[in-house]
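S.K.: The primary structure of each chain is shown beneath.
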Amino acid sequence: MLDIAVSYDRYKFLGNEFLTWLWFMIENDQTLFTKIDIECTALEMGDKISFENNKKESLEVVSIKGDHAGWEEGKLSLQKGSVVTQLNLLYHSGPGKWRFSLKGESLGIANLKTPEGGRVETKEDIEGAILEKIFLLDKAISFIQALFSRFLRLRISPQWETDSIPMIRNWINSTK
Amino acid sequence: MGLLSSSVSVTRYAIQEKLDGPVIETVYNGLCKQSFKEIENRSESKSTGWTSFEKPFKANFEDSSFLVGAYMVFAVRVDKKTVPPKLLKKHYSLEVEKKLADTGRERLSINEKEMIRDGVLNRLLIRIPAVPDIYDVIWNYEESYAWFFSGTKSANEEFESLFLKSFKLSAIRLFPYTQADLASNLTDSERDLFQKLQPTNFVD
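Protein chains in written order, with the numbering used here: chain A, 1 to 176; chain B, 1 to 204.
I should point out that these hints are in silico values taken from the structure, not numbers from a laboratory.
Do not take every clue at face value.
[What the hints assert, rightly or not] Just so you have them, the derived chain A footprint on chain B, three or more residues with Cβ under 8 Å:
# : stretch
1 : 3-15
2 : 69-80
3 : 164-176
4 : 184-193
Remember, predicted model here, so these are calculated numbers, not experimental data.
Heads up, the beta-carbon is just placed ideally off N, CA and C, and yes, glycines get one too.
Hey, can you work out the whole structure from these sequences and the hints?
M.R.: What follows is the structure, encoded as structure tokens:
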């Protein structure tokens with residue numbers, strides 16, 4: 001295995017590409033999410049996307065925020081060579097809704113809000129509350145891990161070059 | 001932002017190595033040996049150690065079990081004292097003036113100044129209260145993973161170092177490379193392809 005610090009920097013592009021692919025899949029093929037989680041009813045863009053563009057003279061960081069934001073500006077940013085560095089997502093599964101931010105370079109999960117669990121009223125309730133919360137967190141974490149594994153297998157396959165890149169390029173360029 | 005907070009940040013870890021000896025007893029001993037030590041009324045500026053999930057301000061693994069179902073649940077506590085630079089400068093200047101007056105000299109040597117600075121800093125650290133940070137940990141030993149409830153680099157480094165010191169096991173942070181290498185079940189040929197990946201140019 002490579003040195004941790006070296007491998008973090010060397011492969012952070014992979015996490016950013018994962019987020020770009022995820023955004024593309026959200027807009028173009030929701031069936032993927034049901035294949036991974038049969039209870040998943042939708043994966044949606046949340047209220048924030050962050051980009052970085054290091055093709056310019058100095059590193060440019062752009063964030064787009066808003067609950068009902070149109071993401072066209074984001075695609076324009078991709079057209080200029082930016083990469084997605086962070087996505088806020090809404091994951092619907094069964095009757096529940098999870099909201100979280102996913103960072104590309106670290107795959108770190110921030111501000112993860114799960115559906116509400118039962119109330120903790122007595123000391124005895126704590127153990128149940130912990131197990132319930134672990135179950136709810138695990139649902140989102142396992143979903144992300146499965147999505148990344150799916151992306152990774154596509155990314156190392158010939159289909160990435162022949163199918164995925166042309167489709168993602170068309171999607172990026174569909175905004176003028 | 002702890003496990004039961006409405007909003008959490010999670011860093012995932014792979015813990016692939018196994019403990020020498022019975023799991024629960026070895027973990028209990030590791031937690032106790034590196035449990036959090038208070039630094040109130042002492043001159044240390046920082047203390048890091050394990051504490052219990054339920055009672056983070058009273059580290060005691062006998063009163064409160066760390067086993068919840070298949071999980072081990074505990075927390076890292078990091079207390080820090082920060083002396084404001086202006087406060088240090090004020091007390092240092094007063095001390096230097098006193099020393100000059102007492103000795104009748106016009107200046108002090110570098111060594112004397114350093115000793116005064118260290119003495120002032122130690123006295124202030126004893127008087128300044130420590131600010132605690134608590135980060136919860138979930139460890140699923142059977143499935144070889146842990147979750148650490150912070151995304152802050154410094155907190156993650158404290159956890160990794162404390163974990164290694166306590167259990168002689170490496171907690172490996174899962175980011176794109178380690179997630180692919182350790183947690184995606186790649187075959188040898190898939191791993192070879194993965195190692196050769198280069199960034200995609202999405203712009204024509």
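S.K.: Against this structure, judge whether each hint is valid.
M.R.: Hints, one by one, checked against the model:
Coverage of the stretch 3-15 of chain B by chain A holds. Counting CB-CB distances below 8 Å, 9 residues qualify, and the rule asks for three or more. Check on the stretch 69-80 of chain B: 3 of its residues sit with their Cβ under 8 Å from a Cβ of chain A, so the three-residue criterion for coverage holds. Check result for the stretch 164-176 of chain B against chain A: holds, 5 residues qualifying (beta carbon to beta carbon below 8 Å, three or more required). Under the rule that three or more residues need a Cβ within less than 8 Å of chain A, the assignment of the stretch 184-193 of chain B holds, with 5 such residues.
Consistency note: the structure conflicts with none of the earlier hints.
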